[in-house]
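Enquirer: Those sequence lines, one after another, are chains A and B. Following UniProt numbering, the numbering of the first sequence begins with 1 at its first residue and continues without gaps. Following UniProt numbering, the numbering of the second sequence begins with 1 at its first residue and continues without gaps.
Just so you know, these hints were derived from the structure itself, not from any lab.
Below, computed lysine-lysine pairings styled on BS3-like, alpha-carbon distance capped at 25 Å:
#  : chain 1 : residue 1 : chain 2 : residue 2
1  : A       : 123       : B       : 144
2  : A       : 66        : A       : 28
3  : A       : 103       : B       : 152
4  : A       : 90        : A       : 137
5  : A       : 137       : B       : 134
6  : A       : 123       : B       : 148
7  : A       : 66        : A       : 137
8  : B       : 134       : A       : 90
9  : B       : 122       : B       : 148
10 : B       : 39        : A       : 17
11 : B       : 180       : B       : 144
12 : B       : 134       : A       : 123
13 : A       : 66        : B       : 39
14 : B       : 39        : A       : 28
15 : A       : 28        : B       : 28
16 : A       : 123       : B       : 152
17 : A       : 90        : B       : 84
Now for the letters of each chain:
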Amino acid sequence: MRAQFFQFTQRWKSTAKEAMDHTILFAKFLCLLHVTNNYLCSPTLVYGPSMLPTLNLTGDVLLVEKMSHLLGMVGPGDVVLVRSPENPRKTITKRIVGMEGDKVTFLVDPNHSDRSHSLVVPKGHVWIQGDNIYASKDSRHLGPIPYGLILGKVFCRVWPPEGFGLLEQ
Amino acid sequence: MHIRGEGEGEGEGEGEMQTLRQLTPYVKEALQQTLRVTKFFCFLHVTNTYICTFAWGMGPSMLPTINLYGNLLLAERISTRLGKVGPGDVVLVRSPENPRQIVTKRVKGGEGDSVTYLVNPKNSDEEKTVIVPKGHVWIEGDNKYNTKDSRKFGPIPYALLQGRVFCVLWPPEDFKSIGKDIQ
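Given these sequences and hints, build the entire structure.
Expert: Have a look at this one:
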């Protein structure tokens, strides 16, 4: 009776140890995945009409590299991923039109009038606009975006396969 | 002219092979240790980013809560991620003026709150009331006479919050936990 109980605990110990080893290996893999995703490069699904014709309406998978914005190497013309100032859980994809100190001129409401407005981008901020200015909620509505909200620079599209490749400027 | 004989050529090759074989266990050991150190740093980094982190706060803007000459603060990252940061919390914020700088301030109002503040407390009693827009928070330093905060650069987007400070660790005479009131 005692011997059976002992055998049972031995087997349980080895199973528990194996489960522990697998869990640790999985945790290590997740750590590595997290570091790569946040500091090197990560794929992102984006959708919406605001970046037509550069990006599709129904969704594209883009590769976003996360090093340029930390090194200060993003500039006008780059398509970037930005955390929305209105909803901290949402990320939006737009193109940088002006950096701090630049003077930007933009059409306030191109659907209804030709009125344009100019301003200077304040320190520590960037001005972003969607390529499709008729259907884009960007800096024209949200104001200049603090540089600290930039998450990464888009450099390539991987899905759909017809659109595979670097994005146009 | 010295013609290299077969025996000599092989001898030299053998010597190199032997050195390589002798080095292999050391190289392997070095690689293993490097891997271990890398894994440890990954783990440390993930803890720093998702659970809790240290911060050094200094400057006059948060007196008397935080010292002029510097305090070691402990900040946790879970509340900001879950959206549970509210009025009264001391938070680490990425400065909207300089994206590489992190400042410490107290949250005075969340989105939708109506915040009343003294525009220029050194010179006048003039007050202004503002409603914090969606997705933003209003931050102010505890020392209202000498602080650069939302009264100057407006409400800041919630996503710029980096963590909630909950205790002061160093120097030991300042050891205390930071709550929702100004101490």
